[in-house]
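Asker: Here is what each chain is made of, one letter per residue.
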Amino acid sequence: MHMHKLEKIWLILGISCLIIFLTTVGVSAFYLGNKPPSCLTTIDSEKVDTTKPFDKPGLHKVEGKEWDYELVYVASAFSYNPAKVEVPLGAKVKVIATTKDVIHGFEVAGTNINMMLEPGYVSEYTTTFDKAGEYLIVCNEYCGSGHHLMFSKIEVVK
Amino acid sequence: MINSYGAKAKVDPKDAKLSMAHFFVAFGALALGGLMGLLQTLVRSGKFELPLGIGYYQVLTAHGVLMGLVLTTFFIMGFQYAAVSRTAGTHSNAARTTGWVGFWLMTAGTLMSGTMILLNEASVLYTFYAPLQAHWIFYLGLTLVVVGSWVDGAAQIMTYAKWRRNNPGKPSPLLSFMAVINTVMWIVATIGVAATVLFQLLPWSLGLVDRVDVLVSRTLFWYFGHPLVYFWLLPAYMCWYAIIPKIIGGKIFSDSLARLSFILFLLFSIPVGFHHQLTEPGIDPAWKFFQVILTFMVVIPSLMTAFSLFATFERYGRGKGAKGLLGWFKVLPWNDARFIVPFIGMASFIPAGAGGIINASNQMDQVVHNTIWVTGHFHLTAATSVVLTFFGISYWLVPHLTGRKLTKAMNKLGIIQAWVWFIGMAFMSGAMHIQGLLGGPRRSAFSTYGDSQQALDWIPYQIAQAVGGTILFLGIILVVIIFINLAFFAPKGEEEFPVGEAENLDEKAPMVFENWKLWLGILTALILFAYTIPFIDIIQNAPPGSKGFKTW
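From first to last, the protein sequence lines stand for chains A and B.
53 is the number that the UniProt record's numbering gives to position 53 of the first sequence; each next residue is one higher, with no gaps.
429 is the number that the UniProt record's numbering gives to position 429 of the second sequence; each next residue is one higher, with no gaps.
A portion of the hints provided could be inaccurate.
[What the hints assert, rightly or not] Ranges between beta-carbon positions, derived for each pair: (1) B:PHE329 <-> A:PRO82: 53 to 61 Å; (2) B:VAL209 <-> A:GLY90: 46 to 54 Å; (3) B:ASP457 <-> A:HIS4: 14 to 22 Å; (4) B:LEU520 <-> A:ASP55: 50 to 58 Å.
Just so you know, the hints here were simulated from the structure itself, not pulled from any lab data.
The C-beta atom is built at its ideal place from N, Cα and C for all residues, glycine as well.
Same shape as in the complex, but just chain A (with noise of 0.2 Å):
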């Protein structure tokens, strides 16, 4: 099987630029802990309500952890609970979450948090507020007949 110079030199480029991709993505998300939220804990999702941390849904404030406050929701069709935080400005945040019900999305529009949530499991997201404001929770995943209807806010406040 015979192949073209120039295809080889075009492949060569295109398999280097592959691989210089591929390792900048992978030192990112393993060396400098920027993965994709994967947790892996587990939950009745028939017993959210009375499973720590869901039983009390909302902001605490936490100590001795790498992060400064929980921020927990619980998400069924078609709210998350609860409706409203105010998160102070420049907190390290860890979103805790799950759903009693259907498949539902978790997504602050114009952040990187962005994860399903899926019955039987909790997805957990580490960030920083670094910019105040209003910021739109909505359900990026079909839910039901009230899906767009489904959404909460946080305000990011100084």
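Go by the hints and put chain B onto chain A.
Answerer: Just chain B now, with coordinates in the frame of chain A:
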């Protein structure tokens, strides 16, 4: 001559009839699905409400099923069945009967699932994620579509195997080889969706079992969901690699490299489903990244494809005496719908592929996951690159099969149609990409989310999508007019089924390419490597299963 191209220049009328049967269903699905798409963009603009209590998500389910599953599967099976008949010889009676059985199974399944969607018993979108629970007839219908496609594909494999028996030691005709690669990939991939539907969703919707393991079901779905898009794409590649060179009067750059790239697509399309599950809990991030790496391997055959297509164009142009760096570009047959319609599709694949790289880039997916960016992405890949190529194919294939001619008027209308499509898609897909980057979710009806400023900022883009959707619907009306003309009204005559020849006929494709034990062995090993450990983890660490929900 190594390949018996042209030995049988016309598809047998009996085979033509079965191909046309597929195309009637495919174009019917396109017309209906297109109307559903128009309605969605109008609703989401906020200026229009659906009458008669029809639900937005019901329309959305119909659009996805009709366009993503029915149009594509029927068109591809009809096209590949004709391509095998044309290049490997007329199908035997047994193969043809097998094809018809497959066709009717798929049609019956489509009608069953379609009825349930119409009755609002299955507004679960075409991805039907558990624990949303549709009527069992919906799942049974989808099973029949998949099983029917296996039977339908078996007809192509039978004729390919017959050719191999009759021509020992010779590489099979390129188009037949490519059709069989795609059919084999489809069969291996659909095992995943068949498993979740047959063993999980069907018994659960019938009430035989109470609960379903959601993550197992999603993982099986996405084992199928990614190769699904390559199943759409490879027939377009068949046209670009092996048919377009003949249409422009050039040669296939390299028969062997074309085969190699198809084998690479077969190997690297399947063990990569986790890149659709990057933001999900319950899957180890190391395994996600491993599948991301495998996903990116398809960059290699994609680069090979881009190189060969443009090499064919350049060599043809220079052969015509074109001068300068880009002079060859001007002499391409821009007035031939059979060329320019797929060419617009081909060109759209450049931004479409770049967007796909972003989606699959592990943590970068968080920026766009389940935003309307993703919808914009696959309306460039599937709904532009693939679909325009399918339109371009049908402009010569339909008259070839019906014994008619593509007239000058229809050729011109075909070119207009492609530009209308391109303009409509530039508005719609462009606006979707931008709105997605701003966070706008996909698969959602119009909402201001409690008058949130962010959501209000999305509305202009939603209006742009409705403008684009309206232009695209005009494009659908045009293509349906052309299809009906070519099927029933165009003047009788002979339209060529173009099949390209390799530039270097002395270079025989290595027979290792036809060693199915080898390639299926490597494919199985890759799939087992990518899935075994994470799949065992998912099952061993499973939470209690979910009961069904009907939230629509």
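Asker: Checked against the structure, which of the hints given earlier come out wrong?
Answerer: Structure breaks hint 3 only.
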